[in-house]
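**Q** Below, each chain spelled out in residue letters.
Number of protein chains: 2
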Amino acid sequence: MAFHLHERLAADTYTVQDLALCRVLLMNDSRFPWTILVPRRTGLRDFHEVARADKPTFHAELDLVSDVLKRLSGAHKMNVAALGNMVPQLHVHVIARFEGDAAWPKPVWGQGETVPYEPARAGELIESLRKDLRG
Amino acid sequence: MAFHLHERLAADTYTVQDLALCRVLLMNDSRFPWTILVPRRTGLRDFHEVARADKPTFHAELDLVSDVLKRLSGAHKMNVAALGNMVPQLHVHVIARFEGDAAWPKPVWGQGETVPYEPARAGELIESLRKDLRG
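So the sequences go chain by chain: C and S. Whatever position you read off the first sequence (first residue = 1), add 2 for the working numbering. Whatever position you read off the second sequence (first residue = 1), add 2 for the working numbering.
By construction, these hints were calculated from the structure, which means they are not laboratory data. Each hint should be verified, as a subset may be incorrect.
One copy or two, it doesn't matter: identical chains are merged, so the pair holds either way.
With a straight-line Cα cutoff of 27 Å, these simulated DSSO-like cross-link-like pairs (lysine-lysine) come out [as the list claims (entries may be wrong)]:
no., residue 1, residue 2
1, K108, K133
2, K57, K72
3, K79, K133
4, K57, K79
5, K133, K72
Throw the hints in and build the complete structure from the sequences for me.
**A** In structure tokens:
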């Protein structure tokens, strides 16, 4: 079965790029530098369900994106989370957090209103992420 | 430097057991079957900072605890998250979620009031976890 990104994720994000396993998305909320990784496999729901053969790549890509986003953003703290209570397709949030950001110190979900990017600003951030992910 | 569990984590949890890398804790909130894994290393804050040599064990222990807790609890969904905005010591939440639980479908943090376990019930759950983690 071909991989198909869940429509809710597609609606809420920009595509950054496909790594070997995961599609990297940028959440369209300028309050937080916020990426989402989606393994391009069908039928996955929980973090521990990634196939054994894919796990080293999965974990390496999580670490890569977290490291790149932390350096690019200058974040104080990274939040990494696989929740998926509303969108069943396995996706992992990798979010750059700052003391004093719009949700600090709470988790970002459900806090206040989304502030979409100016398209040019999203484009710049996506280009920076692509460049550093190729690193 | 010897590993020392952050006092906030120590106050909020029961100890389940030490795996090869992580201390496994049970959050003292009977509303959710909720474990926390803390790598027994000093100075770690972000998920991606775990030393390369420890990563395979770290990821395997996360998967093990998630799998065991899901089977023991009959959860509909597992939530896995490293946030740490308030407690700087790296710790990973592994939480069994049920449609209709006290926070569903929201994340559990900051939802309502903690309901501590009856000590006997906590003891039973800890014994079940230990048994299954030994496999």
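**Q** Checked against the structure, which of the hints given earlier come out wrong?
**A** Violated: hint 1 alone.
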